[in-house]
Each structure stands twice: as structure tokens, then as C-alpha cells.
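Chemist: Use the sequences and the hints to build the structure in full.
These protein sequence lines map, in sequence, to chains A and B.
To get my numbering, take the position in the first sequence, counting from 1, and add 12.
To get my numbering, take the position in the second sequence, counting from 1, and add 12.
Do not take every clue at face value.
Since copy identity is lost for identical chains, a pair holds within one copy or between any two.
[Said to hold, decoys possible] Calculated lysine to any residue pairs in the SDA-like style (CA-CA distance at most 20 Å, straight line):
#1 K224 / V241
#2 K199 / P291
#3 K199 / R289
#4 K199 / S292
#5 K199 / A260
#6 K199 / R268
#7 K77 / G126
#8 K224 / S237
#9 K207 / L220
#10 K224 / N147
Think of the hints as simulated: they come from the structure by calculation, not from any bench.
There are 2 protein chains.
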Amino acid sequence: MAIIEAVPNFSEGRRLEVVDAIAQAIQTPGVYLLHRTSDWDHNRSVLTVAGEPEAVLEGLLQAVKVAAQRIDLRQQRGVHPRLGATDVVPLIPMEGIDLAGCAALARRLGQRIGDELGLPVYLYEAAATRPERRNLADVRAGEYERLVEEIHLPQRQPDFGPALVGPAGAVIVGGRPFLIAFNLFLKSSDIQIAKQIARSIRQSSGGLPAVKALGLLVDGQAQVSMNLVDFQITPPHAVVEAVAREAASLGVEIDRGELIGLMPQAALLAAAASALRLPSLGAEQVVEMAIGQALDAGVPDPL
Amino acid sequence: MAIIEAVPNFSEGRRLEVVDAIAQAIQTPGVYLLHRTSDWDHNRSVLTVAGEPEAVLEGLLQAVKVAAQRIDLRQQRGVHPRLGATDVVPLIPMEGIDLAGCAALARRLGQRIGDELGLPVYLYEAAATRPERRNLADVRAGEYERLVEEIHLPQRQPDFGPALVGPAGAVIVGGRPFLIAFNLFLKSSDIQIAKQIARSIRQSSGGLPAVKALGLLVDGQAQVSMNLVDFQITPPHAVVEAVAREAASLGVEIDRGELIGLMPQAALLAAAASALRLPSLGAEQVVEMAIGQALDAGVPDPL
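Modeler: Below, the structure written as C-alpha cells:
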């Protein structure tokens with residue numbers, strides 16, 4: 013049984029009855045809503061769902077349909093950039109499926125959104141059909157307002173659906189690895205220290221691979237805000253160690269961590285293995301996980 | 013649905029066909045064998061099983077029966093003390109049941125072993141009927157050989173079954189909290205350092221509560237060998253921190269950890285939370301665990 017996760021982003025974070033309707037629509041049979049968050053300033057909501065691939069595709073199609081009916085990009089304003097009512101739909105491999113499998117599912121979902129809902133669809137990341145569409149920020153450049161003017165241009169031809177922008181805008185669909193959004197607050201109110209640590213640990217300035225980092229000031233406290241784009245390359249506990257070292261060299265300490273959304277079990281095991289000095293710690297050594305594995309293996313065939 | 017774990021100890025670690033037969037017998041429907049280990053020197057095997065209480069009691073009864081048929085304490089020799097073929101059967105609360113519930117189950121199992129298999133049974137720890145029987149080592153004092161001579165004495169009257177010792181000896185049954193057997197190897201071959209660290213961290217000499225510790229030399233390497241008898245009081249990552257501190261003060265380092273058997277998910281989460289500086293990290297923030305919770309909650313009623 014394959015399991016995927018999907019983290020669709022919707023351009024509505026204020027009218028919570030609209031988010032409720034989308035969250036209702038996404039929960040078709042076999043789709044489990046694991047997490048939801050809405051932000052007023054961003055005017056955006058993020059749902060986290062998981063389940064078997066076919067079930068999740070059906071739930072996503074229903075959610076995209078409701079979002080297109082209830083969100084009008086001609087009125088929608090927020091600080092977060094967006095191309096459509098359902099702005100972006102990443103599909104993430106969890107179990108029994110790989111990234112290529114999720115990219116194939118993204119193409120199928122994109123085709124259904126184009127054909128059945130009549131919305132323009134762009135494929136990104138692992139599902140991208142052109143190199144210049146791999147990066148989400150590039151696909152979204154100029155946002156909804158510029159897409160209205162440019163969709164007739166060859167370089168903006170959608171991958172599926174009509175080359176025509178309605179009030180619901182366009183949908184960006186793709187496959188990507190699990191992303192861990194993880195922040196570390198410092199015992200400091202100096203944003204320069206956070207910026208300096210971020211520079212020293214992020215891949216783009218020669219730091220840790222698969223780590224994106226920014227230095228921020230959040231409620232008066234310095235924060236290193238990170239995206240770990242491949243936790244199997246750089247897991248979160250390795251980031252904590254690196255930030256602790258850099259912070260110590262600048263004379264400050266980590267105050268606490270903050271996990272945005274969810275993390276995979278493998279990253280949890282890796283962090284515990286590090287704390288317990290048990291490099292080979294596996295799920296089969298954790299009672300509840302071992303029971304789960306035994307249950308999976310021991311379920312008799314239906315009569 | 014309640015889940016218990018049981019970790020029965022059998023006085024056979026050499027004739028693996030006997031251990032196989034016991035492991036076979038214990039796996040009645042609904043009993044999941046999670047782990048098994050046999051030791052030649054100890055001449056002892058430990059099985060770890062889990063499942064719903066009624067299923068586990070039935071599996072244990074069958075395993076005790078096979079062990080009594082196949083193990084003869086008049087011949088059995090090994091470095092580990094023992095009172096019977098099935099030496100000790102601890103029942104451990106995992107989910108939807110507490111220690112008192114496991115103690116009640118231990119009394120029911122003890123009664124069935126006494127009545128149906130005709131073996132003398134002693135209740136210990138949470139199930140003990142007398143204060144002097146709480147401690148396993150006290151119940152087992154003098155081992156099988158002394159019990160043969162003393163079972164007629166009032167202070168050795170079994171809790172269930174006949175006051176008569178056959179070749180299978182007696183069975184000790186009880187309820188106890190989850191015990192984590194966890195060792196730390198040091199980068200040293202000096203047993204005195206291991207002993208000194210063990211003294212400084214164990215409860216009995218004023219160290220960490222709910223921690224038992226010994227300093228050993230294992231294959232020429234110094235090891236702090238520990239039983240964490242209540243991981244909710246002192247979790248394994250706290251022990252690593254304490255041993256690391258003590259070791260540093262003696263000029264040595266931890267080499268690696270070693271987990272004997274299994275640990276509970278709550279201890280894993282606590283260790284990861286410490287490494288990631290996420291004090292409130294919960295199972296609902298781990299994708300696979302959140303899916304498990306959603307599946308449990310979302311399973312429709314049978315039609």
C-alpha cells in the first residue's frame with residue numbers, strides 16, 4: 013500500500029468558512045486531514061493530507077473545485093504571492109512510492125484539473141515539463157495579475173487546461189521530497205546575529221547541503237528560519253548542532269526550536285538516534301512501531 | 013483497545029529448538045512476537061510479545077506449558093539465577109491500561125498457571141501479595157535448588173498452585189512499568205571509570221531517580237550498563253547527558269549507546285525533542301504517527 017502526502021496551499025486565510033468548505037471537500041474516503049493552518053496576513057491556508065494515491069488525488073480534485081468556486085483572485089489580497097485560488101499542490105512520497113511516482117501522479121492530477129475543472133495548470137519541480145518551470149517562484153513570477161496579461165504567450169502556455177485565466181487563476185501542481193520547516197529561536201534580539209548564522213549554515217552561501225535559511229526578528233526575538241529540502245541529506249538534528257556551534261562562536265545560545273507542520277518518522281528516529289548515541293536505531297526497536305509492523309504483517313487475508 | 017507487552021524469561025538459551033517451540037506456542041492469535049534473544053552463558057531466552065490482554069494471557073499460558081514440558085531445572089545450568097523453566101513473566105502497560113490493570117492480569121495469569129498447569133506461582137512487583145515479594149531478586153533468592161527444600165515453609169507458600177516443586181520449578185508473575193535496558197560504551201578500557209560513573213548516576217548512591225547502573229568491562233571496553241525502571245521519571249537521553257558530563261569530568265568520552273530490546277515511543281519522542289529543542293514535540297507532529305492516529309479515528313464502523 014503506497015502512501016503519499018499532499019500539502020495544498022489555498023489563497024484564503026480570512027474567511028474561515030471558505031477554508032472549512034475546502035477542508036470538508038478534501039476529505040473524500042481514505043483521505044486523512046493531518047494538519048491545517050490559516051494566516052490572515054498571508055491570506056492563505058495550508059492543508060496537510062495523506063492517504064493512498066488514488067484517494068488523495070480525488071480529494072484534491074474536490075478541494076480545487078470548491079476553492080475555484082469560492083475564491084476570486086480579482087478581489088483577493090495578501091502578503092503571500094499567488095497565481096490561483098488553489099495556488100500550489102505538492103505531492104510528496106511517504107511510503108511505497110518514490111519521487112518519480114509522485115511526479116506521475118501530479119501529471120494525472122494536473123490533467124484532471126485542466127479537463128474536468130477547466131483551469132490552467134502548470135507542472136513544477138519533479139513534474140516540470142520545462143527546466144524553467146522547476147522552480148515554484150519562477151512559475152509564480154508576476155502572480156495572478158501578470159498571468160492574466162501573459163497567458164497567451166508561448167512561454168506561459170499551461171501544461172493542461174485552457175490558456176485562459178478566470179477568477180480562480182491557475183493551479184501549480186508537482187512532486188517534491190518532504191520539506192521540513194524548522195526554526196530556531198536565539199536568546200537574542202539582534203537580527204544581525206540570526207542573519208549571520210543563517211548565512212553560515214545555508215547551502216547557497218556554502219553551508220549545509222539541502223538547507224535554506226533566513227535570519228528574522230519574530231516578536232522581538234532573533235530567529236533562524238529554515239527549510240530542510242531533503243532531510244535525508246541534512247536532518248534537523250544536524251542543523252541544531254550547526255546552529256548551536258555558530259551561535260556559541262557569536263556568544264549566544266539557542267532558546268528553542270519550532271516545527272512548522274509535520275516531520276517524517278525517519279527524521280524523528282535520526283534525531284533520537286543522535287541524542288541516544290544509537291546510530292542504527294530503527295523503527296523495529298520502538299514498541300509501538302514494532303507492533304504496527306507486526307500488525308501490518310500479521311493481518312490475515314480477507315476470507 | 014488496550015495493549016500490553018509481556019517479556020517472559022525462559023531458562024533455556026542453548027537448545028534453540030526448545031526456544032523455537034516456546035516462541036511458536038506463544039504466538040496464539042492476536043499475540044505479536046516483537047523481539048527474541050537467547051544467551052548461551054546465561055542459558056536463558058527473553059521473548060517480547062504484545063497484543064490485547066486476553067490474547068497475550070492465552071499465549072503466555074501456552075508458552076509456560078511448553079517450557080515446563082521441555083526444560084528440566086535439575087539439569088539446567090547457567091550464570092543467570094532462575095527459579096523455574098519459565099522464570100519470570102512481567103506484564104507491562106502500553107496503551108489503554110495502567111499498572112494496576114497489569115497487576116490484576118498477572119493475578120489472573122498466575123491463577124491459571126497454578127490451576128491448569130499445576131506449577132507453583134509467586135506474584136511480584138505491582139502484583140505482589142506480600143511486601144517481601146515485591147523485589148524479584150528476593151523471590152528468587154537461593155534459586156530452584158533452595159526452593160525445592162523450602163517450599164513447605166510458610167514464608168515460601170506459593171500465591172497459586174501446589175506447594176510442590178517439580179522439574180519445571182516455579183513461575184514468577186507480575187506487573188511492572190516499562191524498563192529500558194540501555195548501555196553506554198566509553199572510549200576507555202578502564203573498568204574503574206565505568207564503575208565510578210555508574211556510582212555517580214544511579215539512584216542507590218544518590219544519582220538520578222529510577223536509574224540502576226553498573227560499571228562493566230565488555231570485550232575489553234568500559235561500559236556503563238543501566239536499567240531505566242521508569243523512563244517517564246528519567247528518560248534515556250537524560251542519562252546520556254549525565255554520563256557524558258561525568259565522563260568528561262574524568263577525561264573520557266562516550267563511544268556509543270546500546271539498546272537491549274525495545275524502547276517505548278514516548279522515550280523516542282522525548283529524545284528527539286531534546287535533540288531538536290522542541291519540548292512539546294508530540295506524535296501528532298510526525299507524519300506516520302499522525303496517519304496512524306487518523307486511521308484509528310477514521311476506521312468506519314463495521315456494516
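Chemist: Next step is simple, just say for each hint if it's right about the structure.
Modeler: Here is what the structure says about each hint:
When the C-alpha separation of K224 and V241 is checked against a cutoff of 20 Å, the pair qualifies only within one copy, where the shortest distance is 8 Å, while the shortest distance between copies is 42 Å. In this assembly of identical chains, K199 and P291 lie within 20 Å of each other by CA distance solely across copies; the values are 16 Å between and 30 Å within a copy. Only between protomers do K199 and R289 lie at most 20 Å apart by alpha-carbon distance; the minimum there is 13 Å, versus 27 Å within a single protomer. With identical chains, the CA atoms of K199 and S292 are at most 20 Å apart between copies only, with a shortest distance of 19 Å across copies and 33 Å within one.
When the C-alpha separation of K199 and A260 is checked against a cutoff of 20 Å, the pair qualifies only within one copy, where the shortest distance is 11 Å, while the shortest distance between copies is 26 Å. In this assembly of identical chains, the alpha carbons of K199 and R268 lie at most 20 Å apart only when taken from the same copy (9 Å versus 31 Å across copies). Proximity of K77 and G126 under a CA criterion of 20 Å is satisfied intra-copy only: 11 Å inside one chain copy versus 66 Å between copies. Proximity of K224 to S237 under the C-alpha cut-off of 20 Å is restricted to the intra-copy arrangement: shortest distance 8 Å within a copy versus 41 Å between copies.
For a Cα distance limit of 20 Å, the shortest separation of K207 from L220 inside one copy, 15 Å, qualifies, whereas the shortest one across copies, 40 Å, does not. In this assembly of identical chains, K224 and N147 lie within 20 Å of each other by CA distance solely inside one copy; the values are 14 Å within and 54 Å between copies.
The structure is consistent with each of the numbered hints, conforming to all of them.
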